[in-house]
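Asks: Sequences are here, hints too, so could you generate the full structure?
Residues in the sequence shown are numbered consecutively from 1313, following my numbering.
No wet-lab data here; the hints were simulated from the structure.
Cβ coordinates follow ideal geometry from the N, Cα and C atoms, glycine included.
It cannot be assumed that every hint is accurate.
[Claimed, not checked] Quick list of simulated restraints, FRET-style, between CB atoms:
(1) Thr-1465 with Lys-1352: 25 to 33 Å
(2) Val-1315 with Leu-1354: 39 to 47 Å
(3) His-1388 with Pro-1434: 27 to 35 Å
(4) Asp-1356 with Met-1380: 31 to 39 Å
(5) Glu-1359 with Gly-1433: 37 to 45 Å
(6) Pro-1434 with Pro-1325: 39 to 47 Å
(7) Lys-1314 with Lys-1458: 25 to 33 Å
(8) Tyr-1394 with Gln-1461: 35 to 43 Å
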Amino acid sequence: MKVYRLSRTQKIPLSLEDAWSYFSSPKNLQEITPNHLKFKILTDISEDKMYSGQIINYIVTPLLNIPMRWTTEIKHVEEGVYFVDEQRFGPYALWHHKHFFKAVDGGVELMDIVDYALPLGPLGRFAHWLFVRRQLESIFSYRFQKLEQMFGTI
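Replies: Next comes the structure, spelled out in structure tokens:
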């Protein structure tokens, strides 16, 4: 299985506490996801903060307007420092997404590191080359721009 990595770093003018408050609430994920993915959280999220062991179910439409179910688990949370989500069921053979937070002059540095793999061996590698890599980069670029619009930049 070929494992790929996508990483992004961004600095925004929020305090560490405010950034953690925003990003650690699963309710805010839809706001920073491109509309064309038709992202919808199915799980009733009554709590504002995520926690280790939390299971979240989504519907996402990444390809050919075909909705797909996606289930992730929040595996690790160290408040104000990082959290990790992993796919339990969904379109990837592997999805391990680490989110790091660090106070810097003028705000906070956000770092995302996603390790992922596609199913179907050679066919999955071809799909990655053909469109998956570009689609993921586009999603994270959208988030980068959206966060700049919402919070500004350092």
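Asks: Which of the stated hints cannot be reconciled with the structure, identified by number in ascending sequence?
Replies: 2, 4, 8
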